[in-house]
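Protein chains in written order, with the working numbering: chain A, 1 to 336; chain B, 1 to 336; chain C, 1 to 336; chain D, 1 to 336.
Any given hint might turn out to be false.
Restraint ranges, calculated between C-beta atoms of paired labels, are given here [as the list claims (entries may be wrong)]:
#1 D:319 to A:191: 53 to 63 Å
#2 D:109 to B:67: 29 to 39 Å
#3 D:212 to C:192: 49 to 59 Å
#4 D:72 to B:11: 50 to 60 Å
#5 C:79 to D:49: 49 to 59 Å
#6 A:47 to D:319: 55 to 65 Å
#7 A:76 to B:190: 37 to 47 Å
#8 A:310 to C:22: 46 to 56 Å
#9 B:211 to A:191: 51 to 61 Å
#10 A:191 to C:79: 53 to 63 Å
#11 A:263 to C:287: 24 to 34 Å
Sample of chain A residues lacking proximity to chain B, with all beta carbon distances greater than 12 Å (derived) [said to hold, decoys possible]:
#12 178
#13 182
#14 221
For the record, the hints were derived by calculation from the structure and aren't laboratory data.
From the three backbone atoms N, C-alpha and C, an ideal C-beta is built for every residue, glycine too.
As a plain string of letters, each chain reads:
Number of protein chains: 4
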Amino acid sequence: MRAIQLAAFGLDHLQQVDLPAPRPGPNEVLVRIEAASLNFRDWMLVDGQLYRGVSLPIVPVSDGAGTVLEVGAAVTRFKPGDRVTTFYKSRWIAGAMRPEWEGAEIGGPEPGVMRELACFDQYSLARAPAHLSSVQAATLPIAALTAWQVLETAHITTGQSVLLLGTGGVSLFALQFARLRGARAIVLSSSDDKLERAKALGADVGINYAKYPQWGALVREASGGAGVDAVVETVGAATLAQSLEAVRMHGFIGVLGWLGGMEATLPLAKVVLRRVRLQGISVASLEEHERMVAAIEATGLAPVIDRVYGFGQLREAFERLTAGGHFGKLAVDFSA
Amino acid sequence: MRAIQLAAFGLDHLQQVDLPAPRPGPNEVLVRIEAASLNFRDWMLVDGQLYRGVSLPIVPVSDGAGTVLEVGAAVTRFKPGDRVTTFYKSRWIAGAMRPEWEGAEIGGPEPGVMRELACFDQYSLARAPAHLSSVQAATLPIAALTAWQVLETAHITTGQSVLLLGTGGVSLFALQFARLRGARAIVLSSSDDKLERAKALGADVGINYAKYPQWGALVREASGGAGVDAVVETVGAATLAQSLEAVRMHGFIGVLGWLGGMEATLPLAKVVLRRVRLQGISVASLEEHERMVAAIEATGLAPVIDRVYGFGQLREAFERLTAGGHFGKLAVDFSA
Amino acid sequence: MRAIQLAAFGLDHLQQVDLPAPRPGPNEVLVRIEAASLNFRDWMLVDGQLYRGVSLPIVPVSDGAGTVLEVGAAVTRFKPGDRVTTFYKSRWIAGAMRPEWEGAEIGGPEPGVMRELACFDQYSLARAPAHLSSVQAATLPIAALTAWQVLETAHITTGQSVLLLGTGGVSLFALQFARLRGARAIVLSSSDDKLERAKALGADVGINYAKYPQWGALVREASGGAGVDAVVETVGAATLAQSLEAVRMHGFIGVLGWLGGMEATLPLAKVVLRRVRLQGISVASLEEHERMVAAIEATGLAPVIDRVYGFGQLREAFERLTAGGHFGKLAVDFSA
Amino acid sequence: MRAIQLAAFGLDHLQQVDLPAPRPGPNEVLVRIEAASLNFRDWMLVDGQLYRGVSLPIVPVSDGAGTVLEVGAAVTRFKPGDRVTTFYKSRWIAGAMRPEWEGAEIGGPEPGVMRELACFDQYSLARAPAHLSSVQAATLPIAALTAWQVLETAHITTGQSVLLLGTGGVSLFALQFARLRGARAIVLSSSDDKLERAKALGADVGINYAKYPQWGALVREASGGAGVDAVVETVGAATLAQSLEAVRMHGFIGVLGWLGGMEATLPLAKVVLRRVRLQGISVASLEEHERMVAAIEATGLAPVIDRVYGFGQLREAFERLTAGGHFGKLAVDFSA
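Please model the complete structure; the sequences and the hints are all you need to start from.
Next comes the structure, spelled out in structure tokens:
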């Protein structure tokens with residue numbers, strides 16, 4: 001079967017190889033992988049910055065989708081023909097993350113999804129929403145679940161408001177989930193064109209942060225003066241101070257990433273006196289993933305995909321990811 | 001000013017009288033009441049069954065809406081011209097109900113809203129949603145807040161499912177709120193016509209309980225086999241056993257009323273082994289009411305009103321209330 | 001190795017047999033079982049009333065403790081020499097119970113602990129508290145975890161009060177856990193002698209329910225007039241009405257059992273107007289069990305054991321269990 | 001009556017004056033103030049750094065205790081002879097802080113407690129624990145409630161562990177409350193003597209941060225390797241990085257102050273990957289205060305008081321406060 005391997009760190013070392021087809025163990029499921037999608041984490045693996053112990057060569061990329069071909073004797077959750085996605089935190093079934101599960105991650109240190117056939121433990125897979133293609137389903141595991149978990153942890157409900165920093169995959173999923181809960185969405189971008197596209201997706205307010213670097217006050221005004229109920233903080237260092245301006249008393253800031261640098265400056269008095277909650281979030285358990293899939297199915301949500309690449313175009317996909325500027329997810333279609 | 005008083009218990013003793021116009025104290029707001037709506041509690045007052053100490057004559061009816069005419073010197077929440085509704089639990093600002101606040105209820109033992117002018121403490125009023133008429137806003141306080149509080153306490157979110165027993169005011173508000181959260185709604189009625197109307201409002205499934213007295217199993221099937229996430233239990237004695245059939249493992253039953261009798265039979269093993277939560281709910285605090293108003297405004301929700309009566313038709317309105325069979329709320333328009 | 005088997009339903013059909021020693025699979029742990037304890041559920045198995053599909057003969061009894069002898073190649077949680085207890089809901093690692101895990105229960109339908117050697121999946125075992133003997137540790141899994149889960153779900157904290165119905169295993173664990181949280185404990189019994197023993201364990205108030213059948217009002221009085229924060233409802237049919245008298249506004253009733261009959265009468269108005277939560281509870285996940293073990297270790301809690309029987313005295317132990325009147329747990333010491 | 005007024009900012013401008021005795025309005029309570037205690041906020045008022053609009057002269061100090069002398073006609077919560085403390089956030093009865101309540105604070109901008117007689121709204125006072133003197137009770141409102149709220153928001157329970165940064169008032173209350181919940185307490189100080197005193201109060205572990213500036217790893221080790229469940233972060237800028245080292249996966253950091261500077265550096269990857277919650281906390285509502293008083297009464301907790309000053313020694317008390325090094329609270333006894 002075809003696979004992509006990373007032989008050494010760096011984009012130049014992604015190479016297509018031919019690997020033997022795997023056979024499922026008793027608790028395992030053999031999946032024909034049909035699509036993948038990229039997350040920033042995948043770039044960190046390729047670039048050599050991943051904080052986990054990884055041994056090369058490795059099949060990269062965490063998120064994939066496909067069809068069950070065969071199941072081991074002890075498998076109860078799936079049967080041949082079922083459509084599935086991977087679940088990247090491959091041991092985290094429910095409850096709190098346990099130390100013994102922490103390193104178990106598909107796409108480094110465990111092998112990733114850029115291979116046509118793969119075996120996974122039955123709890124490392126989730127049912128794909130019935131109305132989505134494999135390319136669409138492959139965009140869910142990390143980005144959609146992270147967005148879902150922010151809204152869920154913040155208990156976002158009808159009539160509340162959520163702030164999204166940009167139009168990457170996590171932000172747009174958060175926009176869609178917020179609207180489905182009856183909440184208002186305020187989106188930041190440096191591109192008026194992207195703000196228009198976000199509004200077409202349901203955003204109530206768009207603010208061009210390049211024009212208004214003190215956007216915190218504008219967001220507060222746009223949410224009735226009190227501030228937003230939750231911020232989906234995907235950037236960090238460059239934005240946290242304004243996010244704290246934008247959030248209401250007792251509000252919630254989901255801290256998801258460090259795209260803008262590893263360290264942020266935290267204005268303590270504002271955190272204390274406004275009783276803000278800053279909550280680190282990094283995906284969630286399979287139990288939450290399954291609740292999200294039920295929500296996606298019940299509402300017919302369609303992921304926003306910026307561009308779809310062929311199996312042989314992984315390098316081009318990574319180049320667009322690191323260049324920034326995409327609107328939604330970058331996907332790989334194994335049949336293209 | 002015109003008012004309706006209950007001189008003795010019984011529908012025959014509702015009489016229109018002329019009362020002197022009140023003047024607001026320093027913390028009070030003078031309101032021109034423009035509309036009212038009926039709840040079963042209002043009937044209990046008129047009928048003499050209300051469990052609170054009530055002295056006659058009394059102005060009946062708990063829920064009203066109108067316009068602020070004048071405010072006392074210490075009032076900070078409202079100004080003349082503001083449109084408001086009453087808040088029936090007139091002392092319950094936030095947090096848990098306190099014993100010292102328990103008896104404070106507009107519409108018995110405190111005077112009700114069937115009068116053209118009334119003074120209320122500024123925390124016994126809430127802002128009316130801007131897009132609603134006074135007749136529409138008057139339907140909110142008890143029924144909408146009770147429905148809101150069930151979904152809020154049950155943390156109902158996108159992709160979940162809610163069961164509604166009938167098509168009265170609370171059930172239809174719950175249906176609307178469930179849909180706004182992206183949840184599915186399953187409605188029971190003994191009338192196929194009402195089930196159709198409920199579907200037009202967004203209900204996903206309608207079940208005629210007269211045809212299927214063992215509807216619990218049908219509801220479970222209609223929610224993917226696992227059972228609904230929450231039941232809005234407005235009936236009680238006649239329905240609780242089937243509600244327990246219908247609800248999922250770890251599910252939620254909001255216990256709201258006793259229309260079907262004061263005592264229900266509780267099958268203990270089912271409650272224990274399926275880890276069901278039965279939660280008594282009776283409205284909520286002003287803080288929750290304000291969150292609900294924000295949700296109603298943000299989504300443009302329009303209450304479902306069965307019929308509107310004139311100020312002089314309160315008796316007719318009560319007769320329809322006790323006859324049952326209404327679809328949504330019964331309102332009184334003071335200008336009609 | 002020695003084992004006890006139930007060949008047919010009924011106490012007369014418990015028989016000692018000799019079974020071959022098992023060998024651990026890759027995810028399994030071989031345990032030398034050194035002690036067991038009895039729960040009412042064990043009696044239901046023996047008596048044939050258990051609601052699960054059970055095939056005979058079966059080794060009975062759910063709760064045991066012992067020492068790890070050997071571990072499979074994939075086992076990461078334990079090593080030889082570790083002291084462990086069983087975890088009766090053998091698949092429920094964390095989060096909500098899943099349908100696919102529901103029937104997996106040690107002591108029926110899965111084999112129980114009355115055997116000297118047994119293999120368990122590594123997630124079907126929990127570390128035993130270091131300061132407890134195997135006989136003591138064997139009393140924990142079902143009874144202590146159920147008591148823990150009530151207090152945890154009710155968020156019982158310092159200064160609150162808890163009502164316990166009787167002096168069986170669950171009630172006494174709840175008493176001990178309540179005291180460790182700084183909460184007050186009120187205990188009911190029909191024996192003044194047992195009430196004294198409960199006070200020696202830390203109970204603040206003891207009420208003889210045989211003398212005061214309307215004990216609800218007494219409990220309310222003993223908790224400052226407002227009512228207790230939580231009731232550990234181990235009885236059900238005979239007590240629920242009084243429990244509702246005893247609990248405060250917004251209070252919590254943990255519904256755990258049906259010792260007093262399968263059906264209780266529920267006074268609806270009281271549930272609604274006092275906004276009571278009735279929460280069905282049946283043990284909890286391994287994650288909660290581990291938090292409980294940490295609590296037991298940190299505080300040095302010693303389980304209350306009514307009587308210890310030898311391996312050959314299981315019948316006598318069951319006779320005392322069904323006779324009632326025990327104060328705390330009944331245990332079996334395999335070395336006696 | 002005697003009072004202390006701040007005529008201009010600075011310690012030199014505290015002066016004793018004679019003010020007329022006040023008379024209670026209908027919702028007010030006349031209190032004979034018998035004691036006060038100092039918080040860092042009081043120093044910010046005197047020093048002119050308080051972030052609220054304050055007009056001079058003003059009676060300083062937020063926390064006091066005394067005896068009710070007289071009540072207004074509408075007062076239901078208190079009667080003459082009741083012993084009370086002030087409740088500094090004088091409008092925050094329950095639920096979330098509301099914008100309209102935010103500025104209402106006893107001790108600036110509202111008058112403080114350094115006067116022998118004062119009138120307060122009945123919801124600006126709380127019952128004092130029966131077993132405490134007025135000097136002891138005066139130490140509660142800000143410091144104890146802040147400590148209580150951290151443990152309550154973090155749901156700290158038996159078997160968990162809490163880290164305290166230093167031995168000031170908030171830290172020692174947190175230590176006492178943690179022990180009452182059955183949790184372990186780890187205390188930092190730069191003084192071995194104070195660490196010994198903290199252990200005498202129940203601390204399980206003491207760490208001298210002057211000797212071990214990388215104390216995060218030591219704390220983690222002292223809590224079984226996983227890290228503490230909660231940190232009571234009273235310092236901020238100088239400690240946050242180590243606090244993040246010390247806290248467990250999914251752990252809680254209560255952000256309470258900025259003694260070490262207005263801005264802290266936040267290492268984002270650690271917050272995200274360990275899913276830490278940083279929660280700004282600044283006292284809590286009266287509802288929480290009353291729950292805390294119930295807990296203090298039920299357990300007989302005695303506040304730790306570093307030193308008691310006379311009414312005329314307020315300047316000396318402030319000098320000790322700003323010098324640092326106190327162990328527990330600084331109080332003022334009006335009868336001394």
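Cross-check of the supplied hints:
1. One distance hint, 53 to 63 Å for the beta-carbon pair residue 319 of chain D and residue 191 of chain A, holds here, with the actual separation near 58 Å.
2. Residue 109 of chain D and residue 67 of chain B have their C-beta atoms about 34 Å apart, which keeps the hinted 29 to 39 Å range intact.
3. At about 56 Å, the beta-carbon gap between residue 212 of chain D and residue 192 of chain C stays in the expected band of 49 to 59 Å.
4. For residue 72 of chain D and residue 11 of chain B, the hinted distance range of 50 to 60 Å is not satisfied, since their beta carbons lie about 41 Å from each other.
5. The given range of 49 to 59 Å is respected by residue 79 of chain C and residue 49 of chain D, whose C-beta atoms sit roughly 57 Å from each other.
6. In this structure the hint that residue 47 of chain A and residue 319 of chain D lie 55 to 65 Å apart at CB holds, the actual value being about 56 Å.
7. Checked against the given bound of 37 to 47 Å, the beta carbons of residue 76 of chain A and residue 190 of chain B, roughly 41 Å apart, stay inside it.
8. The hinted window of 46 to 56 Å between residue 310 of chain A and residue 22 of chain C holds, with their beta carbons roughly 52 Å apart.
9. In this structure the hint that residue 211 of chain B and residue 191 of chain A lie 51 to 61 Å apart at CB holds, the actual value being about 57 Å.
10. For the hinted restraint 53 to 63 Å between residue 191 of chain A and residue 79 of chain C, the CB-CB distance of approximately 57 Å keeps it satisfied.
11. The hinted window of 24 to 34 Å between residue 263 of chain A and residue 287 of chain C holds, with their beta carbons roughly 33 Å apart.
12. The Cβ of residue 178 of chain A does not lie farther than 12 Å from every Cβ of chain B; its closest approach is about 10 Å, which violates its non-interface assignment.
13. Some Cβ of chain B comes within 12 Å of the Cβ of residue 182 of chain A; the nearest lies about 4 Å off, and the non-interface call is violated.
14. Every CB of chain B is more than 12 Å from the CB of residue 221 of chain A (nearest about 16 Å), matching its label as outside the interface.
The structure does not agree with the numbered hints 4, 12, 13 stated previously, though it agrees with the rest.
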